[in-house]
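Read off the chains here:
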Amino acid sequence: MELKDKLEILSDAAKYDASCSSSGSNRNNKQGGIGNAHYSGICHSFTSDGRCVSLLKILLTNSCIYDCKYCINRKSNDVKRAMFTPEEIANITINFYRRNYIEGLFLSSAIIKSPNYTMELLYQTLYLLRTKYKFNGYIHVKAIPGSDENLIKKVGALADRISTNVELPSNESLKLLAPDKKEDKIKNTMSTIKSIRSKSIVPAGQTTQLIIGATKDSDYSIMKLSENLYNDSKLKRVYYSAYVPVNKDNVLPMIKEVPLKRENRLYQADWLLRYYNFKVDDILTQESPNFNLLLDPKADYALKHINLYPVEVNTASYNTLLKVPGIGVTSAKRIISSRRFTKINFDILKKLGVVLKRAKYFITCDGKYYASSSLFNKSYIQKLLEEPKDIKKVSYKQLNLFEE
Amino acid sequence: MNNKVYIYDGTIEGLFTVVYKCMVEKTIPLNVIKDIYKPSLFEEYINVDTDYDLSNKIFKSIPKRMGDLTLYNVYNAFLVNKNDKEINIVNYLINGYKYGKNINRIKDIDSVIKVQKYSNMVRREAHKLKGFVRFEDFNNILYSKLSPEHDVLELLVPHFKNRLSNETWIIEDIKRKKAVFYKNNEYKLISTINLNLDRFKSNDKEYKDLWKSFIKSVTINERKNLRCQMNFMPKKYWKYMTEMEDNNE
Ligand code: SF4
Chain A
1192 MELKDKLEIL SDAAKYDASC SSSGSNRNNK QGGIGNAHYS GICHSFTSDG
1242 RCVSLLKILL TNSCIYDCKY CINRKSNDVK RAMFTPEEIA NITINFYRRN
1292 YIEGLFLSSA IIKSPNYTME LLYQTLYLLR TKYKFNGYIH VKAIPGSDEN
1342 LIKKVGALAD RISTNVELPS NESLKLLAPD KKEDKIKNTM STIKSIRSKS
1392 IVPAGQTTQL IIGATKDSDY SIMKLSENLY NDSKLKRVYY SAYVPVNKDN
1442 VLPMIKEVPL KRENRLYQAD WLLRYYNFKV DDILTQESPN FNLLLDPKAD
1492 YALKHINLYP VEVNTASYNT LLKVPGIGVT SAKRIISSRR FTKINFDILK
1542 KLGVVLKRAK YFITCDGKYY ASSSLFNKSY IQKLLEEPKD IKKVSYKQLN
1592 LFEE
Chain B
3 MNNKVYIYDG TIEGLFTVVY KCMVEKTIPL NVIKDIYKPS LFEEYINVDT
53 DYDLSNKIFK SIPKRMGDLT LYNVYNAFLV NKNDKEINIV NYLINGYKYG
103 KNINRIKDID SVIKVQKYSN MVRREAHKLK GFVRFEDFNN ILYSKLSPEH
153 DVLELLVPHF KNRLSNETWI IEDIKRKKAV FYKNNEYKLI STINLNLDRF
203 KSNDKEYKDL WKSFIKSVTI NERKNLRCQM NFMPKKYWKY MTEMEDNNE
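From first to last, the protein sequence lines are chains A and B. Just so you know, our numbering puts 1523 at position 332 of the first sequence, and the rest follows in order with no gaps. Just so you know, our numbering puts 167 at position 165 of the second sequence, and the rest follows in order with no gaps.
Just chain A, same shape as in the assembly:
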């Protein structure tokens, strides 16, 4: 089989993974080597679906001994199979990197023969890249759940980031859709990675991915899981990947549309957890466990707590400012530092980067409400902030992934 055909098959099989972040690692090139890991992450291209291409994202192989229902590579599927040799992967990586096509490698694999056998091949690939080719660029590897702790550690010592997928938000879902995978095995792999995480080994930390919309799990339980992963497992990022139906199976939901909007909401809420000091319970409850698809989670929060608004920008605390729709982390900081010098009015707010179109309903400037105060009315504001139903009309900047 030609290299090109392999690349087509094994990149196609890897693409449903939502992770495109390569940031968080800052490693300098060594003498005589090639590459470094740039701290803020660089997008080298964007696909026509608007996603950042930063890494050569491929599978070592798509031949699998398992049969997860939602997965295109499951053994019962009749798809073309291919497998790279470690040397082939190293060679493509280096040659893409030299031409500045990519920032590094994102290597994952289906499970061939056994978890350990697969993990050993991943190790050989990294070993070649780091030693023979002296490659110092970014490498992210997916650890194979169920492989030996020692192997995971060896791979971890060569990678910038190593992760393992939770993939399904609950144990029940896992049993139903991925009968060969065991939650405890995934947990074990995760804790091995957590235990080896230090500055020098696996500098960029662990990430994971959840598939959204293949099971009945609510947004509330998904976000709760993320909150735990951030707090307890010290994960660096959780990625949400809208389920794209690739197989027909009676345990899988029939969906007409890929739940992109929902994916977008989860990212927004995730952002609120990590940078805006929100808790899941602020945004969702067991009684209304799913996101409002017409309002972003922050606007939704503000409208539900409308009695806390409007807030005075000249006196409100940093945390309060963060909870105003249209005010972000950067603009909140700028408000705090600017108001030491001047009273802040609406003009200045604009210059500080506040999105007045949204913020104006929730703030006062020096006691003044932007519109006439008779318009401070929940249902009126709600109407104005609701988004059109079709996601393509909303210019959703890709989740702010690259801004901070």
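I should point out that these hints are in silico values taken from the structure, not numbers from a laboratory. Be careful, since some hints might not be right.
Have a look at the derived ranges for each label pair, beta carbon to beta carbon [as the list claims (entries may be wrong)]:
| hint | chain 1 | residue 1 | chain 2 | residue 2 | range |
| --- | --- | --- | --- | --- | --- |
| 1 | A | 1560 | B | 107 | 25 to 35 Å |
| 2 | A | 1440 | B | 169 | 15 to 25 Å |
| 3 | B | 233 | A | 1436 | 21 to 31 Å |
| 4 | B | 26 | A | 1578 | 50 to 60 Å |
| 5 | B | 104 | A | 1546 | 37 to 47 Å |
| 6 | A | 1546 | B | 4 | 57 to 67 Å |
| 7 | A | 1534 | B | 84 | 46 to 56 Å |
| 8 | B | 104 | A | 1506 | 19 to 29 Å |
Straight line, CA to CA, 20 Å or less: simulated PhoX-like cross-link-like pairs of lysine-lysine [what the hints assert, rightly or not]:
| hint | chain 1 | residue 1 | chain 2 | residue 2 |
| --- | --- | --- | --- | --- |
| 9 | A | 1541 | B | 179 |
| 10 | B | 109 | A | 1534 |
| 11 | B | 238 | B | 179 |
| 12 | B | 109 | A | 1195 |
Where is the CB? At the ideal position from N, CA and C, for every residue including glycine.
Since the structure of chain A is provided, determine the placement of chain B with the ligand on it from the hints.
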């Protein structure tokens, strides 16, 4: 405000000399320009000869008096493709001498906002291009063409110098007719007016094709969103990007 228009030589040293003059004479110029386009009777034109000692004084005092960020902003904004950059940089610095390290927090002076904005525009383009540069391999020389909006070529050098330190590479700015040559830890900036670098163009077909097919196969067709794509990767950069070659008219 008065009617003085300063004419400088287009270098940053020249512009710093203008700043020095303004500070000593306590004037705020009407404009600072490189050439006279339409002379007018109401303006007084003053030629400023670049003085390296004076400009060096300004250069040293900026970080001391106004902080490193200010110098960084000035350097970046000077590379912007806008014809009012000079007057805004001069006004920004004049205000800087007055307000010191607080200068970057003052949001009601136009030139402060403008210079910060220009600096960001330049920085952003340079960051984008770190990703969008595409090299072609020609007998082990890596060659790349660009046509950036702003004059960011030199801002890219440290990045690639660090990353491709053992390679020999060339990045050419087609618009401004200049190029960077890098080899053995050293780089040179040269004018390409009389050079035809096209001979470094190779077809480099094997890896180009692999890359194109990679991009094709990682696209999820169910999620097509061209507007989103162009938002992140404006069309003006497509011309020299391998994977977009077939999308150009
Ligand atoms: S183990 Fe991974 S590759 Fe194999 S079927 Fe399950 S999800 Fe797919």
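Right, here's what the structure says about each hint:
no.: 1; hint: 1560(A) <-> 107(B): 25 to 35 Å; result: holds (26 Å)
no.: 2; hint: 1440(A) <-> 169(B): 15 to 25 Å; result: violated (49 Å)
no.: 3; hint: 233(B) <-> 1436(A): 21 to 31 Å; result: holds (27 Å)
no.: 4; hint: 26(B) <-> 1578(A): 50 to 60 Å; result: holds (57 Å)
no.: 5; hint: 104(B) <-> 1546(A): 37 to 47 Å; result: violated (26 Å)
no.: 6; hint: 1546(A) <-> 4(B): 57 to 67 Å; result: violated (39 Å)
no.: 7; hint: 1534(A) <-> 84(B): 46 to 56 Å; result: violated (31 Å)
no.: 8; hint: 104(B) <-> 1506(A): 19 to 29 Å; result: holds (22 Å)
no.: 9; hint: 1541(A) <-> 179(B); result: violated (39 Å)
no.: 10; hint: 109(B) <-> 1534(A); result: holds (11 Å)
no.: 11; hint: 238(B) <-> 179(B); result: holds (18 Å)
no.: 12; hint: 109(B) <-> 1195(A); result: violated (54 Å)
Of the numbered hints given earlier, the model fails hints 2, 5, 6, 7, 9 and 12; all others are met.
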